[in-house]
Amino acid sequence: MKEEFLHYLWKYSLYDKASLIDGEGNPITVICPGEYNRDSGPDFFNARLVIAGTEWAGNVEIHIRASHFNVHGHDRDHVFDNVILHVVAEKDIKVYNANNDELLTTEIRFDPELYRKYIELVNNPCAIACRDELEGTDSFLLRSWLNSLLIERLQMKSEAVMKIWTATGNDWDETFYRVLSRYFGFRVNTEPFEMLATALPFRIIRKHADNRLQIEALLFGSAGMLEEGLFKNALSDNYYTDLIREYKVLSVKYSLRPIHGWLWKFCRLRPVNFPTVRLSQLAALLSTAGGLFSRTLVADDVSQLKDLFGVAASTYWDNHYIFGKESKRSGKHTGDQATDILLINAVMPMIFIYGRTHDDRKLCDRALDLLADIDPESNSVIRDWTLAGVVPESAFDTQALIQLTDEYCRKRKCLDCRIGSSVISSGKLLKNSDQLTLEP
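Numbering-wise (our numbering), the sequence shown opens with residue 7 and increments by one.
Rather than coming from a laboratory, the hints here were simulated on the basis of the structure. All residues carry an ideal CB built from backbone N, CA and C; glycine is no exception. Misleading hints may appear alongside valid ones.
For lysine to aspartate or glutamate, the following DMTMM-like pairs were computed, each having C-alpha atoms within a straight-line distance of at most 25 Å [stated by the list, open to error]:
#, residue 1, residue 2
1, LYS97, GLU158
2, LYS312, ASP243
3, LYS8, ASP117
4, LYS169, ASP366
5, LYS100, GLU197
6, LYS271, ASP306
7, LYS100, ASP28
8, LYS312, ASP390
9, LYS163, ASP22
10, LYS163, ASP324
11, LYS97, GLU197
12, LYS271, ASP324
13, LYS254, ASP243
14, LYS163, GLU197
15, LYS417, GLU10
16, LYS17, GLU61
17, LYS8, GLU41
18, LYS417, GLU61
19, LYS368, ASP324
20, LYS100, GLU233
21, LYS163, ASP28
22, LYS417, GLU158
23, LYS312, ASP179
24, LYS271, ASP243
25, LYS8, GLU119
26, LYS417, GLU30
27, LYS169, GLU158
28, LYS213, ASP313
29, LYS163, GLU9
30, LYS419, GLU30
31, LYS23, GLU61
32, LYS100, ASP179
33, LYS417, ASP375
34, LYS331, ASP313
35, LYS368, ASP306
Derived Cβ-Cβ restraints for the label pairs, each shown as a range [claimed, not checked]:
#, residue 1, residue 2, range
36, LEU275, VAL85, 48 to 58 Å
37, ASN106, GLU30, 35 to 45 Å
38, ILE27, MET162, 23 to 33 Å
39, ARG115, VAL85, 25 to 35 Å
40, MET162, PHE272, 28 to 38 Å
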(Lines of atoms letter the chains of each structure in order from A and count residues from 1; the text may use other names and numbers.)
(Lines give C-alpha, C1' and ligand atoms only; values in the text may rest on other atoms or scores of the structure.)
Protein backbone atom coordinates (compact mmCIF):
# COMPACT_ATOMS: atom_id res chain seq x y z
CA MET A 1 0.00 0.00 0.00
CA LYS A 2 1.26 3.48 -0.87
CA GLU A 3 0.39 6.44 1.30
CA GLU A 4 -0.25 8.69 -1.69
CA PHE A 5 -3.04 6.31 -2.71
CA LEU A 6 -4.78 6.98 0.60
CA HIS A 7 -4.29 10.72 -0.01
CA TYR A 8 -6.05 10.24 -3.34
CA LEU A 9 -8.96 8.40 -1.73
CA TRP A 10 -9.39 11.08 0.91
CA LYS A 11 -9.06 14.00 -1.53
CA TYR A 12 -11.75 12.66 -3.87
CA SER A 13 -13.93 10.93 -1.24
CA LEU A 14 -13.44 7.53 -2.90
CA TYR A 15 -14.03 5.49 0.24
CA ASP A 16 -16.85 3.87 2.17
CA LYS A 17 -18.35 6.81 4.05
CA ALA A 18 -19.78 4.47 6.67
CA SER A 19 -16.29 3.25 7.55
CA LEU A 20 -15.39 6.57 9.17
CA ILE A 21 -16.27 6.26 12.86
CA ASP A 22 -14.79 7.53 16.09
CA GLY A 23 -13.68 5.35 19.01
CA GLU A 24 -17.25 5.01 20.29
CA GLY A 25 -18.72 4.05 16.93
CA ASN A 26 -20.16 7.47 16.12
CA PRO A 27 -20.10 8.42 12.42
CA ILE A 28 -17.61 10.97 11.13
CA THR A 29 -19.06 13.16 8.38
CA VAL A 30 -16.69 14.97 6.03
CA ILE A 31 -17.95 18.42 5.06
CA CYS A 32 -14.66 19.37 3.40
CA PRO A 33 -11.57 17.09 3.12
CA GLY A 34 -9.25 20.10 3.32
CA GLU A 35 -6.49 21.49 1.14
CA TYR A 36 -3.91 18.94 0.00
CA ASN A 37 -0.45 19.79 1.33
CA ARG A 38 2.57 18.46 -0.59
CA ASP A 39 5.09 20.08 1.75
CA SER A 40 6.03 19.27 5.34
CA GLY A 41 3.28 19.23 7.94
CA PRO A 42 -0.17 17.59 7.98
CA ASP A 43 -1.41 16.10 4.72
CA PHE A 44 -4.60 18.18 4.54
CA PHE A 45 -5.15 21.67 5.94
CA ASN A 46 -8.42 23.29 6.98
CA ALA A 47 -10.64 20.23 6.84
CA ARG A 48 -14.19 20.45 8.22
CA LEU A 49 -15.68 17.41 9.90
CA VAL A 50 -18.70 16.55 12.02
CA ILE A 51 -17.72 14.16 14.81
CA ALA A 52 -20.39 12.92 17.24
CA GLY A 53 -22.63 15.82 16.24
CA THR A 54 -19.99 18.52 16.70
CA GLU A 55 -18.41 20.37 13.79
CA TRP A 56 -14.62 20.57 13.85
CA ALA A 57 -12.14 22.52 11.73
CA GLY A 58 -8.49 21.57 11.54
CA ASN A 59 -5.95 19.34 9.84
CA VAL A 60 -5.99 15.70 8.74
CA GLU A 61 -2.99 13.37 8.75
CA ILE A 62 -2.93 10.13 6.77
CA HIS A 63 -0.77 7.00 7.18
CA ILE A 64 -0.82 3.36 6.17
CA ARG A 65 -0.55 2.29 9.82
CA ALA A 66 -1.34 4.38 12.87
CA SER A 67 2.12 3.61 14.28
CA HIS A 68 3.69 5.50 11.37
CA PHE A 69 2.67 8.69 13.15
CA ASN A 70 5.35 7.91 15.73
CA VAL A 71 7.79 6.43 13.21
CA HIS A 72 7.77 9.75 11.33
CA GLY A 73 8.34 11.69 14.54
CA HIS A 74 5.01 13.51 14.46
CA ASP A 75 4.37 12.63 18.11
CA ARG A 76 7.21 15.02 19.02
CA ASP A 77 6.32 17.76 16.54
CA HIS A 78 3.91 20.51 17.63
CA VAL A 79 3.12 21.21 13.97
CA PHE A 80 0.73 18.26 14.25
CA ASP A 81 -1.08 19.49 17.36
CA ASN A 82 -3.96 20.82 15.23
CA VAL A 83 -4.66 17.45 13.64
CA ILE A 84 -8.31 16.64 14.31
CA LEU A 85 -8.36 13.27 12.55
CA HIS A 86 -5.79 10.58 11.81
CA VAL A 87 -6.89 8.47 8.83
CA VAL A 88 -5.21 5.07 8.41
CA ALA A 89 -5.61 1.78 6.57
CA GLU A 90 -4.70 -0.12 9.75
CA LYS A 91 -5.20 1.10 13.32
CA ASP A 92 -2.47 -0.93 15.01
CA ILE A 93 -1.88 1.33 18.05
CA LYS A 94 -3.19 4.39 19.83
CA VAL A 95 -1.18 7.54 19.05
CA TYR A 96 -0.64 10.80 20.91
CA ASN A 97 0.48 14.24 19.77
CA ALA A 98 3.29 16.33 21.27
CA ASN A 99 0.91 17.55 24.01
CA ASN A 100 0.25 13.91 24.94
CA ASP A 101 -3.37 14.17 23.79
CA GLU A 102 -4.73 11.02 22.17
CA LEU A 103 -5.33 11.48 18.45
CA LEU A 104 -8.70 10.45 17.04
CA THR A 105 -7.79 7.69 14.58
CA THR A 106 -10.14 6.02 12.10
CA GLU A 107 -9.69 3.26 9.55
CA ILE A 108 -10.62 3.98 5.95
CA ARG A 109 -12.33 1.33 3.81
CA PHE A 110 -12.46 1.35 0.01
CA ASP A 111 -13.15 -0.80 -3.04
CA PRO A 112 -10.04 -2.98 -3.59
CA GLU A 113 -10.61 -2.64 -7.34
CA LEU A 114 -9.40 0.96 -7.06
CA TYR A 115 -6.04 -0.12 -5.66
CA ARG A 116 -5.73 -2.96 -8.16
CA LYS A 117 -6.22 -0.49 -11.01
CA TYR A 118 -3.71 1.92 -9.50
CA ILE A 119 -1.03 -0.78 -9.13
CA GLU A 120 -1.74 -1.98 -12.65
CA LEU A 121 -1.05 1.52 -13.97
CA VAL A 122 2.11 2.33 -12.01
CA ASN A 123 3.62 -1.07 -12.82
CA ASN A 124 2.82 -0.86 -16.53
CA PRO A 125 6.16 -0.84 -18.43
CA CYS A 126 4.72 1.24 -21.29
CA ALA A 127 5.79 4.88 -21.55
CA ILE A 128 2.12 5.84 -21.32
CA ALA A 129 0.72 3.65 -18.56
CA CYS A 130 -2.93 4.16 -19.53
CA ARG A 131 -2.28 3.78 -23.26
CA ASP A 132 -4.69 0.87 -23.67
CA GLU A 133 -7.49 2.78 -21.94
CA LEU A 134 -7.22 6.07 -23.83
CA GLU A 135 -9.55 5.13 -26.65
CA GLY A 136 -12.53 7.42 -26.65
CA THR A 137 -11.57 9.46 -23.62
CA ASP A 138 -13.84 12.33 -22.73
CA SER A 139 -12.59 15.15 -24.98
CA PHE A 140 -13.59 17.86 -22.49
CA LEU A 141 -11.57 16.20 -19.71
CA LEU A 142 -8.56 15.89 -22.00
CA ARG A 143 -8.76 19.44 -23.34
CA SER A 144 -9.10 21.01 -19.89
CA TRP A 145 -6.21 18.89 -18.60
CA LEU A 146 -3.94 19.87 -21.50
CA ASN A 147 -4.77 23.53 -20.95
CA SER A 148 -3.72 23.20 -17.32
CA LEU A 149 -0.58 21.26 -18.24
CA LEU A 150 0.62 23.96 -20.62
CA ILE A 151 0.19 26.65 -17.97
CA GLU A 152 2.00 24.39 -15.50
CA ARG A 153 4.87 23.97 -17.97
CA LEU A 154 5.16 27.71 -18.54
CA GLN A 155 5.09 28.34 -14.80
CA MET A 156 7.91 25.83 -14.29
CA LYS A 157 9.94 27.61 -16.95
CA SER A 158 9.13 30.89 -15.22
CA GLU A 159 11.03 29.81 -12.13
CA ALA A 160 14.27 29.29 -14.07
CA VAL A 161 13.82 32.48 -16.08
CA MET A 162 13.15 34.59 -13.00
CA LYS A 163 16.40 33.36 -11.45
CA ILE A 164 18.23 34.64 -14.53
CA TRP A 165 16.26 37.89 -14.40
CA THR A 166 17.29 38.41 -10.77
CA ALA A 167 20.92 37.54 -11.51
CA THR A 168 21.00 40.08 -14.36
CA GLY A 169 19.70 42.92 -12.20
CA ASN A 170 16.14 42.70 -13.55
CA ASP A 171 17.32 43.22 -17.13
CA TRP A 172 14.77 41.71 -19.53
CA ASP A 173 16.96 42.13 -22.63
CA GLU A 174 19.85 40.32 -20.93
CA THR A 175 17.49 37.62 -19.68
CA PHE A 176 16.02 37.08 -23.13
CA TYR A 177 19.50 36.87 -24.65
CA ARG A 178 20.52 34.15 -22.19
CA VAL A 179 17.34 32.13 -22.64
CA LEU A 180 17.54 32.43 -26.42
CA SER A 181 21.21 31.46 -26.45
CA ARG A 182 20.44 28.31 -24.47
CA TYR A 183 18.04 27.07 -27.11
CA PHE A 184 20.44 27.86 -29.93
CA GLY A 185 22.33 24.89 -28.50
CA PHE A 186 19.52 22.58 -29.65
CA ARG A 187 20.04 20.11 -26.77
CA VAL A 188 23.56 18.92 -27.64
CA ASN A 189 25.28 22.28 -27.08
CA THR A 190 22.89 23.78 -24.57
CA GLU A 191 25.48 24.03 -21.79
CA PRO A 192 28.27 25.78 -23.75
CA PHE A 193 25.75 28.23 -25.22
CA GLU A 194 24.58 29.05 -21.68
CA MET A 195 28.18 29.50 -20.55
CA LEU A 196 28.88 31.73 -23.53
CA ALA A 197 25.90 33.98 -22.81
CA THR A 198 27.12 34.39 -19.23
CA ALA A 199 30.71 35.10 -20.29
CA LEU A 200 29.63 37.62 -22.93
CA PRO A 201 26.94 39.98 -21.57
CA PHE A 202 24.32 41.32 -23.94
CA ARG A 203 25.14 44.91 -22.97
CA ILE A 204 28.47 44.48 -24.79
CA ILE A 205 26.88 42.96 -27.88
CA ARG A 206 24.31 45.75 -27.98
CA LYS A 207 27.08 48.33 -28.39
CA HIS A 208 28.13 46.65 -31.65
CA ALA A 209 24.68 45.82 -33.03
CA ASP A 210 25.43 47.66 -36.29
CA ASN A 211 28.62 45.68 -36.99
CA ARG A 212 27.99 42.03 -37.88
CA LEU A 213 31.70 41.14 -38.04
CA GLN A 214 32.34 42.49 -34.54
CA ILE A 215 29.38 40.59 -33.11
CA GLU A 216 30.65 37.39 -34.70
CA ALA A 217 34.14 38.12 -33.37
CA LEU A 218 32.71 38.60 -29.86
CA LEU A 219 30.71 35.36 -30.07
CA PHE A 220 33.34 33.14 -31.67
CA GLY A 221 36.11 34.60 -29.52
CA SER A 222 34.19 34.27 -26.25
CA ALA A 223 33.19 30.75 -27.33
CA GLY A 224 36.88 29.80 -27.41
CA MET A 225 36.67 28.99 -31.12
CA LEU A 226 39.46 31.36 -32.06
CA GLU A 227 42.01 29.44 -29.99
CA GLU A 228 45.12 28.51 -31.95
CA GLY A 229 45.13 24.93 -33.20
CA LEU A 230 41.44 24.28 -32.64
CA PHE A 231 40.67 24.19 -36.38
CA LYS A 232 43.22 22.84 -38.84
CA ASN A 233 44.19 25.28 -41.65
CA ALA A 234 41.96 27.98 -40.14
CA LEU A 235 44.79 30.53 -39.97
CA SER A 236 45.04 30.50 -43.77
CA ASP A 237 41.46 31.72 -43.88
CA ASN A 238 41.02 35.53 -44.15
CA TYR A 239 37.63 35.48 -42.43
CA TYR A 240 39.06 33.60 -39.47
CA THR A 241 42.03 35.95 -39.09
CA ASP A 242 39.68 38.95 -39.34
CA LEU A 243 37.70 37.56 -36.42
CA ILE A 244 40.89 37.05 -34.40
CA ARG A 245 42.01 40.60 -35.07
CA GLU A 246 38.66 42.07 -34.01
CA TYR A 247 38.40 39.89 -30.92
CA LYS A 248 41.88 40.80 -29.68
CA VAL A 249 40.88 44.45 -29.57
CA LEU A 250 37.42 43.85 -28.11
CA SER A 251 38.54 41.31 -25.51
CA VAL A 252 41.04 43.81 -24.11
CA LYS A 253 38.51 46.63 -24.20
CA TYR A 254 35.89 44.63 -22.26
CA SER A 255 38.20 42.33 -20.26
CA LEU A 256 36.59 39.25 -21.78
CA ARG A 257 37.58 35.72 -20.84
CA PRO A 258 36.55 33.00 -23.30
CA ILE A 259 35.15 29.62 -22.35
CA HIS A 260 37.06 26.53 -23.48
CA GLY A 261 36.73 25.71 -27.16
CA TRP A 262 36.73 21.97 -26.47
CA LEU A 263 33.35 22.27 -24.75
CA TRP A 264 31.58 22.44 -28.10
CA LYS A 265 30.26 19.20 -29.56
CA PHE A 266 30.40 18.43 -33.28
CA CYS A 267 30.28 14.62 -33.30
CA ARG A 268 27.06 12.95 -34.43
CA LEU A 269 25.57 16.30 -35.43
CA ARG A 270 24.34 17.11 -38.89
CA PRO A 271 26.68 19.79 -40.31
CA VAL A 272 23.84 22.34 -40.47
CA ASN A 273 23.60 21.99 -36.67
CA PHE A 274 27.31 22.55 -36.03
CA PRO A 275 27.80 25.18 -33.30
CA THR A 276 29.90 27.26 -35.71
CA VAL A 277 26.88 27.69 -37.98
CA ARG A 278 24.51 28.28 -35.07
CA LEU A 279 26.79 30.96 -33.60
CA SER A 280 26.80 32.85 -36.89
CA GLN A 281 23.00 32.62 -37.01
CA LEU A 282 22.81 33.92 -33.46
CA ALA A 283 25.06 36.81 -34.50
CA ALA A 284 22.65 37.60 -37.33
CA LEU A 285 19.76 37.72 -34.88
CA LEU A 286 21.63 39.88 -32.37
CA SER A 287 22.62 42.36 -35.08
CA THR A 288 18.96 42.95 -35.92
CA ALA A 289 18.15 46.65 -35.88
CA GLY A 290 16.16 47.72 -32.85
CA GLY A 291 15.59 45.92 -29.57
CA LEU A 292 15.08 42.22 -30.21
CA PHE A 293 12.96 41.55 -27.14
CA SER A 294 10.81 44.66 -27.57
CA ARG A 295 10.12 43.65 -31.19
CA THR A 296 9.21 40.19 -29.97
CA LEU A 297 6.66 41.56 -27.52
CA VAL A 298 4.78 43.57 -30.16
CA ALA A 299 4.62 40.84 -32.81
CA ASP A 300 1.00 40.23 -33.79
CA ASP A 301 1.29 36.79 -35.33
CA VAL A 302 3.57 33.81 -35.85
CA SER A 303 4.57 34.88 -39.35
CA GLN A 304 6.09 38.10 -37.96
CA LEU A 305 8.05 36.12 -35.39
CA LYS A 306 9.24 33.63 -38.00
CA ASP A 307 10.47 36.52 -40.14
CA LEU A 308 12.29 37.95 -37.13
CA PHE A 309 13.89 34.72 -35.88
CA GLY A 310 14.39 33.00 -39.20
CA VAL A 311 17.93 34.20 -39.94
CA ALA A 312 20.87 33.12 -42.07
CA ALA A 313 24.53 32.64 -41.17
CA SER A 314 27.02 35.01 -42.84
CA THR A 315 28.06 34.25 -46.43
CA TYR A 316 31.31 32.59 -45.31
CA TRP A 317 29.24 29.69 -44.04
CA ASP A 318 27.59 29.19 -47.42
CA ASN A 319 30.54 26.95 -48.29
CA HIS A 320 31.86 26.09 -44.81
CA TYR A 321 30.70 24.16 -41.75
CA ILE A 322 33.90 24.64 -39.76
CA PHE A 323 36.73 27.15 -40.07
CA GLY A 324 39.38 26.46 -42.69
CA LYS A 325 37.58 23.70 -44.59
CA GLU A 326 35.42 24.37 -47.64
CA SER A 327 32.26 22.40 -48.36
CA LYS A 328 29.57 22.25 -51.01
CA ARG A 329 27.82 25.62 -51.30
CA SER A 330 24.45 25.94 -49.58
CA GLY A 331 22.83 28.72 -47.58
CA LYS A 332 22.69 28.24 -43.81
CA HIS A 333 19.25 29.51 -42.82
CA THR A 334 17.81 28.45 -39.48
CA GLY A 335 15.03 26.61 -41.29
CA ASP A 336 11.38 26.21 -40.32
CA GLN A 337 11.90 23.43 -37.79
CA ALA A 338 14.77 25.15 -35.95
CA THR A 339 12.89 28.46 -35.94
CA ASP A 340 9.83 26.74 -34.49
CA ILE A 341 11.98 25.20 -31.74
CA LEU A 342 13.26 28.67 -30.80
CA LEU A 343 9.75 30.12 -30.81
CA ILE A 344 8.25 27.27 -28.79
CA ASN A 345 10.97 26.95 -26.15
CA ALA A 346 12.39 30.45 -25.80
CA VAL A 347 10.22 33.13 -27.37
CA MET A 348 6.68 32.16 -26.32
CA PRO A 349 7.65 31.36 -22.71
CA MET A 350 9.41 34.73 -22.45
CA ILE A 351 6.35 36.56 -23.76
CA PHE A 352 4.16 34.67 -21.27
CA ILE A 353 6.52 35.26 -18.34
CA TYR A 354 6.92 38.96 -19.13
CA GLY A 355 3.14 39.31 -19.35
CA ARG A 356 2.59 37.49 -16.07
CA THR A 357 5.25 39.56 -14.29
CA HIS A 358 3.59 42.76 -15.49
CA ASP A 359 0.02 41.52 -14.86
CA ASP A 360 -0.66 41.79 -18.58
CA ARG A 361 -3.30 39.13 -19.29
CA LYS A 362 -3.48 40.03 -22.98
CA LEU A 363 0.22 39.33 -23.42
CA CYS A 364 -0.10 35.97 -21.65
CA ASP A 365 -3.06 35.04 -23.83
CA ARG A 366 -1.15 36.10 -26.93
CA ALA A 367 1.68 33.73 -26.04
CA LEU A 368 -0.82 30.86 -25.75
CA ASP A 369 -2.55 31.82 -29.00
CA LEU A 370 0.79 32.01 -30.82
CA LEU A 371 1.70 28.52 -29.60
CA ALA A 372 -1.62 27.29 -30.95
CA ASP A 373 -0.66 28.70 -34.37
CA ILE A 374 2.60 26.72 -34.61
CA ASP A 375 2.64 23.24 -36.10
CA PRO A 376 2.92 20.35 -33.62
CA GLU A 377 6.41 19.18 -32.74
CA SER A 378 7.72 15.85 -33.96
CA ASN A 379 9.69 13.76 -31.49
CA SER A 380 9.56 10.36 -29.80
CA VAL A 381 7.26 11.59 -27.03
CA ILE A 382 4.71 12.97 -29.46
CA ARG A 383 4.92 9.88 -31.65
CA ASP A 384 4.06 7.74 -28.60
CA TRP A 385 0.95 9.83 -27.93
CA THR A 386 -0.07 9.78 -31.57
CA LEU A 387 0.22 5.98 -31.66
CA ALA A 388 -1.91 5.89 -28.51
CA GLY A 389 -4.61 7.82 -30.37
CA VAL A 390 -3.96 11.32 -29.01
CA VAL A 391 -3.31 13.47 -32.08
CA PRO A 392 -1.99 16.98 -31.30
CA GLU A 393 -2.93 19.80 -33.63
CA SER A 394 -0.41 22.44 -32.57
CA ALA A 395 2.63 23.23 -30.45
CA PHE A 396 0.16 24.17 -27.69
CA ASP A 397 -0.86 20.52 -27.53
CA THR A 398 2.62 19.04 -27.92
CA GLN A 399 4.06 21.19 -25.14
CA ALA A 400 1.23 20.07 -22.86
CA LEU A 401 1.82 16.42 -23.77
CA ILE A 402 5.55 16.78 -23.11
CA GLN A 403 4.71 18.20 -19.68
CA LEU A 404 2.33 15.31 -19.05
CA THR A 405 5.01 12.81 -20.03
CA ASP A 406 7.86 14.41 -18.09
CA GLU A 407 6.04 15.25 -14.87
CA TYR A 408 3.37 12.56 -14.62
CA CYS A 409 3.82 9.53 -16.91
CA ARG A 410 7.54 8.98 -16.36
CA LYS A 411 7.17 9.59 -12.62
CA ARG A 412 4.05 7.41 -12.54
CA LYS A 413 2.10 10.16 -10.81
CA CYS A 414 -1.12 8.68 -12.15
CA LEU A 415 -3.04 9.77 -9.05
CA ASP A 416 -2.22 13.41 -9.80
CA CYS A 417 -3.14 13.09 -13.48
CA ARG A 418 -6.74 13.77 -14.45
CA ILE A 419 -6.65 10.99 -17.02
CA GLY A 420 -5.05 8.53 -14.60
CA SER A 421 -7.47 9.52 -11.87
CA SER A 422 -10.37 8.91 -14.25
CA VAL A 423 -9.01 5.48 -15.18
CA ILE A 424 -8.61 4.46 -11.54
CA SER A 425 -11.87 5.84 -10.19
CA SER A 426 -14.15 4.71 -13.01
CA GLY A 427 -12.31 1.63 -14.24
CA LYS A 428 -12.69 2.93 -17.77
CA LEU A 429 -12.96 6.25 -19.57
CA LEU A 430 -16.00 7.72 -21.27
CA LYS A 431 -16.10 6.72 -24.91
CA ASN A 432 -17.12 9.04 -27.74
CA SER A 433 -14.39 8.74 -30.37
CA ASP A 434 -11.87 6.34 -31.84
CA GLN A 435 -9.19 9.00 -32.13
CA LEU A 436 -8.55 12.01 -29.94
CA THR A 437 -8.17 15.03 -32.18
CA LEU A 438 -7.47 17.86 -29.79
CA GLU A 439 -9.87 20.65 -30.51
CA PRO A 440 -9.50 23.96 -28.68
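- Of the hints stated earlier, which fail here? 1, 2, 5, 6, 8, 9, 10, 11, 18, 19, 20, 21, 26, 29, 30, 32, 33, 34, 37, 38
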